[in-house]
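2 protein chains.
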Amino acid sequence: MDNKRFPFAELINNLSKLPGIGKKSAERIAYDLINRDQSFSKALADSIVNTRANAKICHRCFNLTDKDPCYICEDPARDSSVICVVEEAKDVMALENADDYRGLYHVLNGLVDPKKENPNIKLNELLKRVENEQVKEIILAINPSAEGEMTSTYIALMLKPYDVKVTKIAYGLPFGGDMDYFDKDTINMALNNRREI
Amino acid sequence: MDNKRFPFAELINNLSKLPGIGKKSAERIAYDLINRDQSFSKALADSIVNTRANAKICHRCFNLTDKDPCYICEDPARDSSVICVVEEAKDVMALENADDYRGLYHVLNGLVDPKKENPNIKLNELLKRVENEQVKEIILAINPSAEGEMTSTYIALMLKPYDVKVTKIAYGLPFGGDMDYFDKDTINMALNNRREI
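These protein sequence lines are chains A and B, in that order.
Here the first sequence is numbered in our numbering, starting from 262 and rising by one per residue.
Here the second sequence is numbered in our numbering, starting from 262 and rising by one per residue.
Check before you lean on any hint, since a few could be wrong.
Because identical chains share one entry, a pair is satisfied inside a single copy or across any pair of copies.
[Claimed, not checked] Okay, derived cross-link-like pairs now, DSS-like style, lysine-lysine, Cα gap no bigger than 27 angstroms in a straight line:
1) 303 - 317
2) 383 - 317
3) 328 - 317
4) 421 - 383
5) 377 - 328
6) 377 - 389
7) 284 - 328
8) 303 - 284
9) 303 - 421
10) 285 - 303
11) 285 - 426
12) 278 - 303
13) 285 - 445
14) 328 - 303
15) 284 - 389
16) 278 - 317
17) 285 - 328
18) 317 - 285
19) 284 - 317
20) 377 - 284
21) 389 - 421
22) 426 - 397
23) 445 - 284
24) 328 - 383
No wet-lab data here; the hints were simulated from the structure.
Predicted model, so just to flag it, every value in this text is computed and none were measured.
All chains should be modelled from the sequences, with the hints used to inform the complete structure.
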């Protein structure tokens, strides 16, 4: 894009880097921002900077949060005997949006991949929670893929020696799907059809 | 959305107000921002605030710009004897992206609507440009709609007494379409098929 001809090129360029925003959408958004009250662009910019600056990782479940422990781990109404294991923090939001689940979470921060080691994957931390917390059930809610299956199997084997039920959510979606885009009903159905492995 | 459960609710809420961004897209963008380097959210926020704060309207063509006169009006390589009349500033960008047009613009800032007066519509300003600038052709490039047709007819009648050719771009798109989303080839075709009215 030619900077001389497009005075809003920097904004459009930055917006285009966001997921799902192409050049045309970025242009639409830029013009929309210019046509709104200046207070809105200020509020949007502030919420971007503040959210990023205040983002923390919960030391217990590794969910992204603005306070540690996160609001889910701290909620006395949640069932702390059930932990749902997910790949990424955004999967927590997908499950929370689905609204049925009342247990806690554990964000793995990646998948088991025999081809390359992932030093950040929170497997030991999951083991420690099973050892130290009163956990009755681990629900594996990992996106369907080869690495996802491998990760589920790995965790099931790792937890074999412990007195904890390990279940896996049912997959009703095409292989390679991304949990983050599932609708509420599908997520709830998958949760309700979980089976012991 | 429940603020307690979603710590990034303010950002997601602000993002959802942008055109084409629903709740799920806003969540994706929020997580993407949190996972990027902090410098990116700072740069994005700065470009939002600066673009909005520095946005000006060109006093000659009423295009949105960051300097007045705008870069198009000031460009000596453009053909100042041709003025393309559009409804909104974002239509200028659509035409500029199409790349063929080398004349100037005039942003009407609305359409002629007999049901309600639009005090901001720049019709008198167009007339003054025809009177004071060496204009040979006025190209009407207004989105196809009842008000768009009415506006084109109104301008053609208004300019009848003047020695200026008034043309209208060809419409190849469904009635009710929005120029802002046309592809480059369609826009160029429409420009090339313009006819005198």
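Hints violated by the structure (numbers, ascending): Checked against the structure, the hints that fail are numbers 5, 9, 11, 15, 20, while the rest are satisfied.
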